[in-house]
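Trainee: Sequence:
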Amino acid sequence: VSRSGYYKWLKSRVSKRLKERAKLLQRISEIFESSRENYGCPRVYAQLRAEGWTCNYKVVEELMRMNEIRARRRRSHVSTTNSKHNYPIAPNVLDRKFSVSEPDEVWVSDITYINTAQGWLYLCVCIDLFSRKVVGWSMADHMKTKLVLDAFESAQVSRGRPPIVFHSDRGVQYASDRFRVELERLGCIQSMSGKGDCWDNAVAESFFASLKTELIYRETYNTRIEARVAIFEYIEIFYNKQRIHSTLGYLTPEEKGLKGEKAA
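FYI, in the numbering used here the residues of the sequence shown are 198 to 461.
Think of the hints as simulated: they come from the structure by calculation, not from any bench.
Watch out, some of these pointers could steer you wrong.
To be verified - Heads up, simulated PhoX-like pairs for lysine-lysine below, C-alpha to C-alpha not over 25 Å straight-line:
id, residue 1, residue 2
1, K392, K438
2, K409, K438
3, K459, K438
Turn these sequences into a full structure, and let the hints steer you where they fit.
Mentor: Structure below.
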């Protein structure tokens with residue numbers, strides 16, 4: 198092979214590789230944007246593999262770093278729990294056993310707050326541990342027991358049945374007579390975290406961390422209605438149906454839930 202022929206061949210190989218990398222970078226950018234700029238390299242790579250790309254993890258990592266494609270970091274946790282009350286405290290039945298074998302075996306719940314120009318908006322969610330799907334939620338301008346009852350009722354309507362175990366922190370809303378009576382009426386086993394231990398409810402805490410990093414801290418809400426609409430879209434359109442989870446084998450909560458229903 199002549200020298201000129203060799204360089205022509207080498208140039209064509211380099212050109213082909215650059216074109217392939219350009220296509221890969223384009224798809225990486227699209228996945229990152231569709232994730233609302235929330236996916237880091239592991240999730241982007243998992244999505245690429247699911248689509249049939251045969252790329253190397255280190256190549257994806259390098260392309261993201263060189264093009265400054267970075268997911269946002271989470272802020273530190275702030276507790277909203279008021280556990281200074283005289284209501285009974287349920288035992289920690291869950292005991293950090295976050296892997297369950299069936300849908301609706303365990304729901305976990307928690308409350309957080311969102312700042313708006315009108316004042317605080319409070320959000321309560323119920324999450325199915327099997328699929329990590331937000332199966333029920335409610336929002337209000339207060340943190341009364343009704344906020345939790347509404348989220349719990351929303352989850353029952355969504356799932357068509359209550360859970361076997363319902364886990365939360367020791368907040369006064371969950372320990373109240375009204376809520377405990379409702380759980381007893383439905384035959385649910387109540388479980389509560391240890392005192393001041395957020396790790397006992399890590400799945401719910403993790404959801405709120407994702408919500409705030411991926412949505413709340415990026416926006417300014419003039420009204421509670423604005424915040425409600427944004428949170429509704431995040432939960433029902435993005436988180437449950439589009440956002441893949443490493444703990445679910447890079448499936449979405451919706452996909453994991455459907456697999457569980459088929460296996461049942």
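Trainee: Against this structure, judge whether each hint is valid.
Mentor: Results of checking the hints against the structure:
For the hint pairing K392 with K438, the CA-to-CA distance comes to about 34 Å; that exceeds 25 Å, so the pair is violated. A hinted pair counts as satisfied when its Cα atoms are at most 25 Å apart, and K409 with K438 qualifies at roughly 18 Å. Our distance criterion of 25 Å between C-alpha atoms is met by K459 and K438, whose separation comes to about 17 Å.
Of the numbered hints stated above, the single one contradicted by the structure is hint 1.
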